[in-house]
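J.: What follows is the residue order along each chain.
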Amino acid sequence: MSSRRSRSRQQSGNSSAITDDQITDLVSKLQQLIPEIRNRRSDKVSASKVLQETCNYIRNLHREVDDLSDRLSELLANTDADSAQAAIIRSLLM
Amino acid sequence: MDKTSKGIQTLSTHCSYKTKFAFRFLRSLMKLKKQHQPISSSSSSSMELIHKRSQRIKMLAYSSIAHAAGPRRAWSRAILFKLQSRARHHYFTRKRSSLDSKTKQKKILKNKRVMRNHNIIRAGSTSRVTRETKQMKKLREIVPGGKEMDICSLFDETAHYVKCLSMQVQVMQAIADRFSK
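Chain order of the listed sequences is E and Z.
Residues 1 to 94 (full-length UniProt numbering) are what the first sequence spells out, left to right.
Residues 1 to 181 (full-length UniProt numbering) are what the second sequence spells out, left to right.
Calculated from the structure, these hints are not laboratory results.
It should be emphasised that the depicted structure is a prediction, and the values quoted were computed from it without experimental measurement.
We put the beta carbon where it would ideally sit given N, CA and C, even for glycine.
It cannot be assumed that every hint is accurate.
What the hints assert, rightly or not - So these bits of chain E aren't anywhere near chain Z, every CB distance computed over 10 Å:
#1 Lys-29
#2 Glu-36
#3 Asn-39
#4 Arg-40
#5 Val-45
What the hints assert, rightly or not - With a straight-line Cα cutoff of 35 Å, these simulated DSBU-like cross-link-like pairs (lysine-lysine) come out:
#6 Z:Lys-58 <-> Z:Lys-134
#7 Z:Lys-134 <-> E:Lys-49
#8 E:Lys-29 <-> Z:Lys-31
#9 Z:Lys-33 <-> E:Lys-29
#10 E:Lys-49 <-> Z:Lys-33
#11 Z:Lys-20 <-> Z:Lys-82
#12 E:Lys-29 <-> Z:Lys-95
#13 E:Lys-49 <-> Z:Lys-82
#14 Z:Lys-18 <-> Z:Lys-31
#15 Z:Lys-163 <-> E:Lys-49
#16 Z:Lys-52 <-> Z:Lys-138
#17 E:Lys-49 <-> Z:Lys-138
#18 E:Lys-49 <-> Z:Lys-95
#19 E:Lys-29 <-> E:Lys-49
#20 E:Lys-29 <-> Z:Lys-58
#21 Z:Lys-137 <-> E:Lys-49
#22 Z:Lys-31 <-> Z:Lys-134
#23 Z:Lys-163 <-> Z:Lys-147
#24 Z:Lys-134 <-> Z:Lys-33
#25 E:Lys-44 <-> Z:Lys-138
#26 Z:Lys-163 <-> Z:Lys-95
#27 Z:Lys-147 <-> E:Lys-44
#28 E:Lys-29 <-> Z:Lys-147
#29 E:Lys-49 <-> Z:Lys-31
#30 Z:Lys-58 <-> Z:Lys-18
#31 Z:Lys-95 <-> E:Lys-44
#32 E:Lys-29 <-> Z:Lys-18
#33 Z:Lys-58 <-> E:Lys-49
#34 E:Lys-49 <-> Z:Lys-18
#35 E:Lys-29 <-> Z:Lys-20
#36 E:Lys-44 <-> Z:Lys-137
#37 E:Lys-44 <-> Z:Lys-52
#38 Z:Lys-18 <-> Z:Lys-163
#39 Z:Lys-20 <-> E:Lys-49
#40 E:Lys-44 <-> Z:Lys-33
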């Protein structure tokens, strides 16, 4: 019966067994990327808090992309292409 | 020594992500600008035009970041697939041939059904690690392609997605600032 269980776990399609350490590693990696948690600098942030903050952060980024594309659309109507393009490429390459 | 070389490697890959994204996005922006060169007269139509263009710019931004990240990442594949199927659907509804879009939708559903069995097998386990929490469900909805991933890849893809998304915002901000000067 134990062999059947191990076989079913193999059949679940994951190449390696998921260990707790692996998960905590990944969560801490995620933790470093979220600016709110990184600035708080406490190591005792729970995994659910990290995930919650990640969701909020991603949603904020999506909203910022929306706002920026609105702004870019307005600006695109009002500028001439060539000088802006040259200036941008120069500034991004520096 | 290993850490620094790995750090330099990640730095260089992220520099190239940034450049790739910036070039691709700028090129498509300029193309868009050239397409809509004649500025229309009435204000109401131009507001609509601005809104439509902003939707287009948003799609271009996501397409550029997905292309820059490459097909090796599940989230970028998911974005490109969604954009392509949306474009295809748009094309087919314009051509008014509903038959093709239906068969394509059937294919997509079949794919998703196969993938869902993946997670059901694992749901029987009661360990703390493999339990699907509410936050994980939310994360799956937010990260592109998250619904079909197992937990490890979900976290890994999320981390990469967050990095690339924040870089996308950074570049778009810089472009907007430059344009507005």
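J.: Hint by hint, note whether the structure agrees.
T.: Going down the list of hints, with the structure as the test:
| no. | hint | result |
| --- | --- | --- |
| 1 | Lys-29 | violated, 5 Å |
| 2 | Glu-36 | holds, 12 Å |
| 3 | Asn-39 | holds, 15 Å |
| 4 | Arg-40 | holds, 17 Å |
| 5 | Val-45 | holds, 13 Å |
| 6 | Z:Lys-58 <-> Z:Lys-134 | holds, 29 Å |
| 7 | Z:Lys-134 <-> E:Lys-49 | holds, 11 Å |
| 8 | E:Lys-29 <-> Z:Lys-31 | violated, 38 Å |
| 9 | Z:Lys-33 <-> E:Lys-29 | violated, 40 Å |
| 10 | E:Lys-49 <-> Z:Lys-33 | violated, 43 Å |
| 11 | Z:Lys-20 <-> Z:Lys-82 | holds, 21 Å |
| 12 | E:Lys-29 <-> Z:Lys-95 | violated, 47 Å |
| 13 | E:Lys-49 <-> Z:Lys-82 | holds, 30 Å |
| 14 | Z:Lys-18 <-> Z:Lys-31 | holds, 20 Å |
| 15 | Z:Lys-163 <-> E:Lys-49 | holds, 19 Å |
| 16 | Z:Lys-52 <-> Z:Lys-138 | holds, 29 Å |
| 17 | E:Lys-49 <-> Z:Lys-138 | holds, 13 Å |
| 18 | E:Lys-49 <-> Z:Lys-95 | violated, 48 Å |
| 19 | E:Lys-29 <-> E:Lys-49 | holds, 14 Å |
| 20 | E:Lys-29 <-> Z:Lys-58 | holds, 28 Å |
| 21 | Z:Lys-137 <-> E:Lys-49 | holds, 14 Å |
| 22 | Z:Lys-31 <-> Z:Lys-134 | violated, 42 Å |
| 23 | Z:Lys-163 <-> Z:Lys-147 | holds, 20 Å |
| 24 | Z:Lys-134 <-> Z:Lys-33 | violated, 43 Å |
| 25 | E:Lys-44 <-> Z:Lys-138 | holds, 22 Å |
| 26 | Z:Lys-163 <-> Z:Lys-95 | violated, 39 Å |
| 27 | Z:Lys-147 <-> E:Lys-44 | holds, 29 Å |
| 28 | E:Lys-29 <-> Z:Lys-147 | holds, 21 Å |
| 29 | E:Lys-49 <-> Z:Lys-31 | violated, 43 Å |
| 30 | Z:Lys-58 <-> Z:Lys-18 | holds, 17 Å |
| 31 | Z:Lys-95 <-> E:Lys-44 | violated, 57 Å |
| 32 | E:Lys-29 <-> Z:Lys-18 | holds, 21 Å |
| 33 | Z:Lys-58 <-> E:Lys-49 | holds, 29 Å |
| 34 | E:Lys-49 <-> Z:Lys-18 | holds, 29 Å |
| 35 | E:Lys-29 <-> Z:Lys-20 | holds, 25 Å |
| 36 | E:Lys-44 <-> Z:Lys-137 | holds, 23 Å |
| 37 | E:Lys-44 <-> Z:Lys-52 | violated, 45 Å |
| 38 | Z:Lys-18 <-> Z:Lys-163 | holds, 11 Å |
| 39 | Z:Lys-20 <-> E:Lys-49 | holds, 33 Å |
| 40 | E:Lys-44 <-> Z:Lys-33 | violated, 49 Å |
Taken one by one, the earlier hints fail for this structure at numbers 1, 8, 9, 10, 12, 18, 22, 24, 26, 29, 31, 37, 40, listed in ascending order.
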